[in-house]
Amino acid sequence: MTNTLSRLLKSRDWLLADGATGTNLFNMGLSSGEPPEMWNVEHPDRIAKLYGFAVEAGSDLFLTNSFGGNAARLKLHNAQGRVRELNRIAAEIGRNVADKAGRPVAVCGSVGPTGEIFAPMGTLTHELAVEIFHEQAEGLKEGGADVLWVETISAPEEYKAAAEAARLAGMDWCGTMSFDTAGRTMMGVTSAQMSALVEKLPNPPLAFGANCGVGAADLMRTLMGFVATGTERPLIAKGNAGIPKYHDGHIHYDGTPELMGDYACLARDAGATIIGGCCGTMPVHLKAMHEALSTRPRGPRPSLEEITAKLGAFSSASDGTGDDDGAGRERRGRRRG
Amino acid sequence: MADEDDIILSELDDEELVQQMHDDLYDGLKEEIEEAVNILIARGWTPYDVLTKALVAGMTVVGNDFRDGILFVPEVLLAANAMKGGMAILKPLLAETGAPRMGKMVIGTVKGDIHDIGKNLVAMMMEGAGFEVVDIGINNPVENYLEALDREGADILGMSALLTTTMPYMKVVIDTMKEKGIRDNYIVLVGGAPLNEEFGKAIGADAYCRDAAVTVEMAKAMVARKHNQMGA
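Top to bottom, those sequences are chains A and B. Residue numbers are given in full-length UniProt numbering: position 261 of the first sequence equals residue 261, and the series is strictly consecutive. Residue numbers are given in full-length UniProt numbering: position 218 of the second sequence equals residue 218, and the series is strictly consecutive.
Since the hints were derived computationally from the structure, they do not count as laboratory data. Note that beta-carbon positions come from the ideal geometry of N, C-alpha and C, so glycine has one too. Incorrect hints may appear among the rest.
[Unchecked claim] One side only, chain A facing chain B, incomplete, derived with CB under 8 Å:
| id | residue |
| --- | --- |
| 1 | F26 |
| 2 | M28 |
| 3 | S31 |
| 4 | L76 |
| 5 | M121 |
| 6 | D180 |
| 7 | A182 |
| 8 | M187 |
| 9 | G188 |
| 10 | A192 |
| 11 | P244 |
Could you put together the complete structure from these sequences and hints?
So, in structure tokens, the structure goes:
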């Protein structure tokens with residue numbers, strides 16, 4: 001199996017991914033509430049421009065505008081019948097941009113969460129989730145995506161379902177989870193647990209890691225958690241450009257381009273191979289990250305203290321791994337039975 | 001499932017049974033909770049006492065452990081589900097006996113925002129704590145909130161946003177409530193990943209709630225304060 005991303009991973013020791021999709025599209029006039037995937041059809045020029053931001057900033061790969069392009073999310077806009085089309089076009093536009101880049105750039109088909117909760121509490125079953133992801137994967141494949149890029153997942157069941165969908169579609173894939181709750185995902189998964197989960201899959205991803213979450217510092221701690229498990233698999237770090245702040249009716253992310261440059265090098269030194277941004281990461285940030293990665297020499301693996309000194313404090317005291325991986329208290333269990 | 005050392009719920013005295021219910025809620029055992037609720041009612045407990053002393057008190061432990069990072073969403077959802085089983089039995093009885101209500105919440109994601117998982121979690125936890133919850137879904141313009149608050153005779157308005165671009169809309173809703181002179185009739189709670197306390201204050205909400213457990217605590221405290229004010 002060869003694809004641009006696999007080849008890049010073989011020949012390079014770091015790759016720059018892309019930045020924010022939503023933040024950039026809102027700046028181009030997307031109104032909130034509108035599903036961004038519609039723009040693949042309505043404003044293909046703007047989507048090409050979005051992809052172009054990453055390519056111009058020096059990214060080696062970018063994610064397609066298809067994050068919410070699964071039937072469960074599109075249903076909220078009564079567009080569940082357009083999954084195949086919207087994903088195919090998202091990838092086609094990307095293919096065009098990548099092929100004109102004059103250097104290898106991988107088109108990664110973004111697959112976001114379904115937004116549903118698994119049974120027994122919710123209604124989602126493994127079979128249903130696989131079906132939802134598979135439909136999306138076929139559209140992305142048809143449009144020419146190099147790999148699937150599963151992101152912002154919080155439930156292990158959903159990660160497994162996406163892996164199976166990639167297998168059914170015959171595609172290589174990458175997959176990241178979002179660690180936003182005291183260093184764990186919303187569903188309680190730690191970095192160490194994700195590492196273990198990945199290796200148990202029949203078709204493990206080309207690379208795995210973390211995206212979004214809280215700020216760049218928290219994401220670094222999660223990355224260090226993956227490294228500590230001794231994984232040999234390439235790691236992905238796609239952190240937000242700081243934390244959103246509210247000022248006089250406007251929201252901005254407080255991460256400066258300089259900070260994101262520092263973060264990119266720290267992530268590389270900590271052991272990440274694929275490094276990018278997430279929410280709030282604009283072209284100016286990406287350029288600073290590219291510049292930093294290209295010019296600064298590799299350093300030793302940073303300590304947690306160095307990370308907080310450069311990127312700011314963690315949002316929680318622990319991330320559920322290491323010496324305090326046991327929950328604060330054992331579940332009491334049933335007294336009867 | 002009758003193991004020899006099985007605990008027979010009906011053989012426990014009241015205090016032990018309530019303690020067992022707290023454990024069973026913690027472990028998300030719905031059938032056991034339903035059985036125990038029926039036992040307490042048969043023993044002559046008022047539905048309100050079953051709700052507050054057995055169920056709500058048990059869910060408080062769950063909420064605290066969620067807040068402290070000991071339990072995570074899947075366990076909390078199971079506990080809320082067990083609670084809901086008990087509530088289904090109590091609800092008609094509570095209405096019959098004219099027991100005081102915990103309070104009613106209208107909850108929805110604001111206009112422009114289609115993310116609903118956080119809101120759904122809050123709705124489940126609030127129901128788990130004994131509140132009545134009317135979920136008006138995603139992408140709600142101000143009219144939807146006002147109409148639902150009025151129609152439902154709600155006590156609490158809950159607004160959720162996951163996007164930095166949509167969170168300012170919460171202020172539009174609160175400002176409209178002020179214009180109509182109804183702002184102070186409701187407790188307004190806001191939440192969502194990009195929000196913080198400072199933002200909640202800036203837009204005039206009663207509180208920013210960091211997570212579903214905090215929402216429940218805030219709602220309980222504020223409803224109690226409101227009742228006290230009305231009694232004064």
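Taking each numbered hint in turn, which are not upheld by the structure, reported in ascending numerical order? 2, 10
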